[in-house]
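Participant: Sequence:
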Amino acid sequence: MRPLHRALAFIGVLLLPTPVSAQLNEVFEDLFNRLLTEDLSFSPNGRHGRHFFDAAAQANDRLTPALNSLIANAVTSFPLSSTVAGITFDFPAGQPVSIRESLGPIFGETGETLGEGKLNVGFNYTRMNPSAFRGLATKDIRLAFAHQDVGGSGVLGDRLDESDVIDLVLDLGIDVHTFVMFATMGVTDALDIGVAVPVHHVRLSGNAVASIDSHTEEQTGNPDHAFPPDSGLEQTIPYDESALGVGDLAVRFKYNFYQGPVYLATLLDFRIVPGDQDDFMSSGRPSFKLSAIGSKQFGGFTSHVNVGYDRRPGLLDSDEFEFVVGFDQKVATGLTFAAELLGELDLDENEAVNLDGTIEITDFDANDQPLGTRVL
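According to our numbering, the stretch in the sequence shown is residues 16 to 391, in order.
Derived from the structure by calculation, the hints contain no laboratory data.
Among the clues, some could well be false.
[Claimed, not checked] Within a straight-line C-alpha distance of at most 25 angstroms, the following computed DSS-like cross-link-like pairs (lysine-lysine) qualify: (1) K345 <-> K311; (2) K154 <-> K311; (3) K311 <-> K133.
[Unchecked claim] Between beta-carbon pairs, the in silico distance windows are: (4) G169 <-> F303: 39 to 49 angstroms; (5) R77 <-> F268: 32 to 42 angstroms; (6) R389 <-> F138: 53 to 63 angstroms; (7) Q274 <-> F338: 15 to 25 angstroms; (8) T52 <-> R142: 28 to 38 angstroms; (9) D182 <-> L305: 36 to 46 angstroms; (10) V322 <-> E131: 24 to 34 angstroms; (11) D182 <-> A347: 54 to 64 angstroms; (12) I374 <-> K311: 56 to 66 angstroms; (13) E337 <-> F138: 21 to 31 angstroms; (14) E256 <-> R62: 52 to 62 angstroms; (15) N222 <-> Y140: 24 to 34 angstroms; (16) A147 <-> A347: 32 to 42 angstroms; (17) N382 <-> L360: 51 to 61 angstroms.
Just so we're clear, the structure is a prediction, and the values are computed from it rather than from any experiment.
Even for Gly, the Cβ is constructed at its ideal location relative to N, Cα and C.
Using the sequences plus the hints, can you model the full thing?
Facilitator: So this is what it looks like as structure tokens:
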């Protein structure tokens with residue numbers, strides 16, 4: 016079998032379908048619906064229980080997709096391992112023979128290629144706990160929900176109950192376990208083609224804390240909106256959901272264009288087959304990364320430098336300039352010490368995430384005297 020045909024055959028094997036579980040994209044929708052519709056129906060005066068239905072609809076239309084995209088972007092931004100990490104096989108007589116255990120870098124690349132007819136296979140595991148989305152701390156995501164304009168006057172707050180606001184702190188924790196199976200085939204001495212299939216286990220958990228900033232209680236002594244079971248103004252809603260699924264397929268092309276005192280190469284990494292968006296396995300859009308690679312070997316010691324441009328078109332995501340600097344030192348047969356420094360530079364000048372939407376409320380007292388205006 017020719018090397019290219021063998022590479023395509025291995026890609027086909029890795030593309031076999033894998034079942035996935037529950038839908039994580041409903042976590043925030045369920046949270047908003049419970050908070051703003053179901054629980055408020057137990058308000059002391061029942062007719063006020065529907066006054067945050069519009070806020071729930073807007074949250075599910077705007078906030079839920081935005082939060083889902085931020086999580087999907089974080090999950091799918093994991094770095095792939097080196098194309099030369101694992102066990103390399105040759106096919107001298109049509110049968111696979113292990114020829115070496117690659118002692119290459121962790122996430123970076125060296126400028127060397129495998130060589131024609133050689134196959135490299137491997138597996139790695141990565142755990143991530145994202146603590147921020149482009150400067151927005153996950154544990155401190157704060158949302159405010161405004162009351163419906165009941166009278167339709169266009170002035171929110173000209174009724175006392177319209178000045179009631181519900182504040183929510185998500186306390187979002189994200190835990191991601193990523194298992195990657197990969198294979199790389201040397202099509203020629205200078206060109207490698209590889210494929211990587213990630214399997215993600217994603218868990219979302221937290222104790223969302225909702226509190227009612229009750230203008231009606233402040234002015235009349237009795238709140239128009241409250242939570243069960245004791246008509247309190249604060250409620251904690253725990254959530255803990257997880258899912259397992261296949262992520263975006265990566266296809267990689269590595270070309271070595273110079274061999275001398277140093278090895279120079281380029282690497283093109285395509286994420287082309289979207290995973291399951293409902294479980295945050297995919298950002299939903301193809302992406303690519305183009306990297307320049309340089310490496311030099313000194314006996315059993317190899318240093319490497321990678322610089323690359325990562326095109327990330329997902330919602331609320333942005334392109335990045337990335338770099339990897341590191342080395343690996345062979346300690347013994349089958350044992351290597353490796354260290355790397357990874358970094359990235361966001362190419363969007365406005366890195367901070369702002370979940371859009373502002374609302375102006377004009378507060379009045381119980382005697383219909385204006386107290387001032389505030390913006391949420």
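Participant: Each hint: holds or not?
Facilitator: Against the structure, the hints come out as follows:
About 14 angstroms separates the Cα atoms of K345 and K311, which keeps this hinted pair within 25 angstroms; it holds. For the given pair, K154 sits about 43 angstroms from K311 by alpha-carbon distance, which is inconsistent with the 25 angstroms threshold. At roughly 22 angstroms between alpha-carbon atoms, K311 and K133 fall within 25 angstroms of each other, so this suggested pair holds. Here the CB-CB span from G169 to F303 is close to 48 angstroms, well matched to the stated 39 to 49 angstroms.
Our hint of 32 to 42 angstroms for R77 and F268 holds, since their Cβ atoms are close to 39 angstroms apart. Taking 53 to 63 angstroms as the suggested C-beta distance range, the pair R389 and F138 conforms, at roughly 55 angstroms. Taking the beta carbon of each, Q274 and F338 are about 23 angstroms apart, inside 15 to 25 angstroms as hinted. At roughly 36 angstroms, the beta-carbon separation of T52 and R142 lies within the given 28 to 38 angstroms, and the hint holds.
Hint check: D182 to L305, Cβ distance near 44 angstroms, so the stated range 36 to 46 angstroms holds. The hint said 24 to 34 angstroms for the Cβ distance between V322 and E131, and at roughly 28 angstroms that hint holds. Here the CB-CB span from D182 to A347 is close to 58 angstroms, well matched to the stated 54 to 64 angstroms. Checked against the hint of 56 to 66 angstroms, the C-beta distance between I374 and K311 comes to roughly 59 angstroms, which is consistent with it.
The hinted range of 21 to 31 angstroms is satisfied by E337 and F138, whose Cβ atoms lie roughly 23 angstroms apart. Roughly 33 angstroms separates the CB atoms of E256 and R62, a value that falls outside the hinted 52 to 62 angstroms. For N222 and Y140, the hinted distance range of 24 to 34 angstroms is satisfied, since their beta carbons lie about 29 angstroms from each other. With their beta carbons about 40 angstroms apart, A147 and A347 fall inside the hinted range of 32 to 42 angstroms.
Between N382 and L360 the C-beta distance comes to about 57 angstroms, which sits within the given range of 51 to 61 angstroms.
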